[in-house]
Amino acid sequence: MNRKMFMDKLSSNLNNVSEDDKRSILSDFQEHFNAGLASGRTEEDIASALGDPEEIAKEFSYKESSTSKEQAYASFDEKTNDSFVNSRKLYTNTNKNLNVDITTIETRIIYTDNDYIEAKILRDFHKINFNIALFEDEMSYNLIVKPFNTFDFGFSKIFSGINNCPILELYLPIKVKFPKTTIKVNAAKLVSPSFEGDVYLIANACKVKIDHLSNISTVKANASSVQISGIVGDFNGEFNAGDADIYLKDFRNAYISLNAGNLDVFIPENTSYDLKSDTSVGAINIFDPNFKRTREIDNFVMRKIEGYAILEGQRNIIVKSTASNMKLSARPY
Amino acid sequence: MDIQFKKGVLDLCVLNLLKKSDCYGYELVNKISNYIIISEGTIYPLLKKITTDGLVKTYLKESNEGPPRKYYTLTERGHEAASKMEKDWIDFSNKVNDLLRGE
Numbered sequence: 211m212n213r214k215m216f217m218d219k220l221s222s223n224l225n226n227v228s229e230d231d232k233r234s235i236l237s238d239f240q241e242h243f244n245a246g247l248a249s250g251r252t253e254e255d256i257a258s259a260l261g262d263p264e265e266i267a268k269e270f271s272y273k274e275s276s277t278s279k280e281q282a283y284a285s286f287d288e289k290t291n292d293s294f295v296n297s298r299k300l301y302t303n304t305n306k307n308l309n310v311d312i313t314t315i316e317t318r319i320i321y322t323d324n325d326y327i328e329a330k331i332l333r334d335f336h337k338i339n340f341n342i343a344l345f346e347d348e349m350s351y352n353l354i355v356k357p358f359n360t361f362d363f364g365f366s367k368i369f370s371g372i373n374n375c376p377i378l379e380l381y382l383p384i385k386v387k388f389p390k391t392t393i394k395v396n397a398a399k400l401v402s403p404s405f406e407g408d409v410y411l412i413a414n415a416c417k418v419k420i421d422h423l424s425n426i427s428t429v430k431a432n433a434s435s436v437q438i439s440g441i442v443g444d445f446n447g448e449f450n451a452g453d454a455d456i457y458l459k460d461f462r463n464a465y466i467s468l469n470a471g472n473l474d475v476f477i478p479e480n481t482s483y484d485l486k487s488d489t490s491v492g493a494i495n496i497f498d499p500n501f502k503r504t505r506e507i508d509n510f511v512m513r514k515i516e517g518y519a520i521l522e523g524q525r526n527i528i529v530k531s532t533a534s535n536m537k538l539s540a541r542p543y
Numbered sequence: 002m003d004i005q006f007k008k009g010v011l012d013l014c015v016l017n018l019l020k021k022s023d024c025y026g027y028e029l030v031n032k033i034s035n036y037i038i039i040s041e042g043t044i045y046p047l048l049k050k051i052t053t054d055g056l057v058k059t060y061l062k063e064s065n066e067g068p069p070r071k072y073y074t075l076t077e078r079g080h081e082a083a084s085k086m087e088k089d090w091i092d093f094s095n096k097v098n099d100l101l102r103g104e
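So the protein lines, in turn, are chains Z and V.
For the first sequence, position 323 matches number 533 in the numbering used here, and the numbering has no gaps at all.
For the second sequence, position 75 matches number 76 in the numbering used here, and the numbering has no gaps at all.
It should be emphasised that the hints constitute simulated quantities derived from the structure, not laboratory data.
There's no promise every hint is true.
Pair ranges (Cβ atoms, derived) [to be verified]:
#1 Z/Tyr465 <-> V/Thr74: 47 to 57 Å
#2 V/Lys88 <-> Z/Arg233: 33 to 43 Å
#3 V/Asn35 <-> Z/Asp455: 56 to 66 Å
#4 V/Asp92 <-> Z/Tyr410: 45 to 55 Å
#5 V/Leu101 <-> Z/Glu264: 33 to 43 Å
#6 Z/Ile426 <-> V/Asn17: 20 to 30 Å
#7 V/Lys85 <-> Z/Leu236: 26 to 36 Å
For lysine to aspartate or glutamate, the following EDC-like pairs were computed, each having C-alpha atoms within a straight-line distance of at most 16 Å [claimed, not checked]:
#8 Z/Lys430 <-> Z/Glu479
#9 V/Lys71 <-> Z/Glu264
#10 Z/Lys214 <-> Z/Glu253
#11 Z/Lys419 <-> Z/Glu479
#12 V/Lys50 <-> Z/Asp231
#13 V/Lys50 <-> Z/Glu269
#14 V/Lys49 <-> Z/Glu229
#15 V/Lys49 <-> V/Asp12
#16 V/Lys62 <-> Z/Glu229
#17 Z/Lys459 <-> Z/Asp488
#18 Z/Lys268 <-> Z/Asp231
#19 V/Lys71 <-> Z/Glu253
#20 V/Lys49 <-> Z/Glu269
#21 Z/Lys486 <-> Z/Asp455
#22 Z/Lys419 <-> Z/Glu448
#23 Z/Lys232 <-> Z/Glu253
#24 V/Lys49 <-> Z/Glu479
#25 V/Lys50 <-> Z/Asp238
#26 Z/Lys430 <-> Z/Asp460
#27 V/Lys62 <-> V/Glu28
#28 V/Lys62 <-> Z/Glu253
#29 V/Lys58 <-> Z/Asp238
#30 V/Lys49 <-> Z/Glu241
Partner residues are not named here, just some residues of chain Z that face chain V (Cβ under 8 Å, in silico) [claimed, not checked]:
#31 Met215
#32 Gly246
#33 Ala259
#34 Leu260
#35 Gly261
Ideal Cβ positions, reconstructed from N, Cα and C, are used throughout, including at glycine.
Please work from the sequences and hints to get the whole structure.
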């Protein structure tokens, strides 16, 4: 087998790895061939000593799929013997505070006393998967995540696009069920599947994505994009953001204010609600299937609406737009 | 020699070679092949794994022949892991030797 045959076979068998990893793996083997040739060996000799490319590819794939969860801990746990798994033992069934201060990739977890855990990451980082899946329902906590240099991760880069930001992915638990949660986060990316209870969230992030919010929620975000879905209960959102997509699920009152970009609000069927929306730039699109009951909304073009659509029941909508176009759409989403 | 048996000690060999000096992939393969017969390709999945686990880091360095090479260097955690594995190995192999000698 020559070099090309080996590389082709390796490449076609690397199925379960990311494109980035694949590129890096293939380049490692190209380097291996180059080094071997430079030392006077033949392509065939090098290929046969490497072994079966199909088997080698399998080993990459296997490791890729089996260690993803450990990776999350490992990257957080660098340079420390205090693993996050230990902190689970310490904090289960307790009523403590958690402060996480992420400034770089190397982490230290400092136990200042039994009421308090602090994690610091001390160097620049490209990507951290920070996975908190350790806490019991009853616990209340403060999670404060600070990048090492707020300026770099904060406003200056927010609008330059996600690709320019080092990625801090903050993954919060599948379900956070605390009576009261306050979260402040400066991160390139905040991803959280779910919050239960009253939530007050302030985020400076390139991207904010939250899958579920319940009870009374306030979210303030400076972000290039915001996507919040599954909102139950009262919702108050204030965004300086490129675009915001808000999926309301079972809500009573919502106030949404956006300083930039487009605001898309999706409303479920058969909902009684009060909604106030505000944007100074961009468009507001409200997707409300309830509007299909009235035809008046067709061909409606206006720069500014206030208290226009009061339909049957308790529906009450106030929409303000001072720039660009605005659409109220009746089509289901 | 049994393949699984070799794989088990390959981590130990790679980490302890890196403890002596930073190496690029081909160099590591060569150093190991001098002592043990292996399918040389299996070193690379192993290097990827210990990189992901934070035991080693990589950097690029110019070479005299062609494009820059990817060098592997131990992290602090890698140093600790290398020492621990070496110690475990020595303890273990001593005991196995004792057993074989019937002491």
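Each hint tested on the structure:
Here the CB-CB span from Z/Tyr465 to V/Thr74 is close to 53 Å, well matched to the stated 47 to 57 Å. A beta carbon spacing of about 37 Å between V/Lys88 and Z/Arg233 agrees with the range 33 to 43 Å that was offered as a hint. Between V/Asn35 and Z/Asp455 the C-beta distance comes to about 59 Å, which sits within the given range of 56 to 66 Å. Look at V/Asp92 against Z/Tyr410: about 54 Å separates their beta carbons, and that is inside 45 to 55 Å.
At roughly 37 Å, the beta-carbon separation of V/Leu101 and Z/Glu264 lies within the given 33 to 43 Å, and the hint holds. Taking 20 to 30 Å as the suggested C-beta distance range, the pair Z/Ile426 and V/Asn17 does not conform, at roughly 57 Å. Checked against the given bound of 26 to 36 Å, the beta carbons of V/Lys85 and Z/Leu236, roughly 33 Å apart, stay inside it. With a C-alpha separation of about 27 Å, the suggested pair Z/Lys430 and Z/Glu479 falls outside the 16 Å cut-off, and the hint is violated.
Restraint check: the Cα-Cα separation between V/Lys71 and Z/Glu264 comes to about 23 Å, which exceeds 16 Å; the hinted pair is violated. Our distance criterion of 16 Å between C-alpha atoms is met by Z/Lys214 and Z/Glu253, whose separation comes to about 9 Å. Distance hint between Z/Lys419 and Z/Glu479 is unfulfilled; the C-alpha atoms sit about 23 Å from each other, more than 16 Å. For the proposed pair V/Lys50 and Z/Asp231, the alpha carbon gap of about 12 Å is at most 16 Å, so the pair holds.
For a cut-off of 16 Å, the pair hint linking V/Lys50 to Z/Glu269 stands: about 10 Å separates their Cα positions. This hinted pair checks out: V/Lys49 and Z/Glu229 have alpha carbons roughly 15 Å apart, not beyond 16 Å. Under the criterion of a C-alpha separation no larger than 16 Å, the hint pairing V/Lys49 with V/Asp12 is consistent with the structure, at around 11 Å. Among the hinted pairs, V/Lys62 with Z/Glu229 is inconsistent with the structure: their alpha-carbon atoms are about 24 Å apart, more than 16 Å.
Pair hint Z/Lys459 plus Z/Asp488 does not hold up; C-alpha atoms about 20 Å apart against a cutoff of 16 Å. Under the criterion of a C-alpha separation no larger than 16 Å, the hint pairing Z/Lys268 with Z/Asp231 is consistent with the structure, at around 14 Å. With a C-alpha separation of about 20 Å, the suggested pairing of V/Lys71 with Z/Glu253 is violated against the 16 Å cut-off. At roughly 10 Å between alpha-carbon atoms, V/Lys49 and Z/Glu269 fall within 16 Å of each other, so this suggested pair holds.
In summary, the hint linking Z/Lys486 to Z/Asp455 is supported, as the alpha carbons are separated by about 15 Å, within the 16 Å threshold. For the given pair, Z/Lys419 sits about 15 Å from Z/Glu448 by alpha-carbon distance, which is consistent with the 16 Å threshold. At most 16 Å may separate the alpha-carbon atoms for a hinted pair to count; Z/Lys232 and Z/Glu253 exceed this at roughly 21 Å. Using a Cα cut-off of 16 Å, the hinted pair V/Lys49 and Z/Glu479 is violated, with the two alpha carbons roughly 50 Å apart.
With a CA separation close to 14 Å, the supplied pair V/Lys50 and Z/Asp238 stays within the 16 Å bound. With a CA separation close to 20 Å, the supplied pair Z/Lys430 and Z/Asp460 exceeds the 16 Å bound. A threshold of 16 Å between alpha carbons decides the hint, and for V/Lys62 with V/Glu28 the separation of about 14 Å falls inside it, so the pair holds. For the proposed pair V/Lys62 and Z/Glu253, the alpha carbon gap of about 24 Å is over 16 Å, so the pair is violated.
With a C-alpha separation of about 14 Å, the suggested pair V/Lys58 and Z/Asp238 falls inside the 16 Å cut-off, and the hint holds. A C-alpha spacing of about 15 Å is found between V/Lys49 and Z/Glu241, which places the hinted pair at or below 16 Å, so the restraint holds. The beta carbon of Z/Met215 comes no nearer than 14 Å to any beta carbon in chain V, farther than 8 Å, and the hint placing it at the interface is violated. The closest approach between the C-beta of Z/Gly246 and any C-beta of chain V is roughly 6 Å, which is under the 8 Å cut-off, so the hint is satisfied.
With 8 Å as the threshold, the beta carbon of Z/Ala259 comes within range of chain V, its nearest partner Cβ sitting at about 5 Å, so the hint holds. A least Cβ separation of about 4 Å between Z/Leu260 and chain V falls short of the 8 Å threshold, and the interface hint therefore holds. For Z/Gly261, the suggested interface contact is upheld, since its CB lies about 3 Å from the closest CB of chain V, less than 8 Å.
The structure shown violates the earlier hints numbered 6, 8, 9, 11, 16, 17, 19, 23, 24, 26, 28 and 31.
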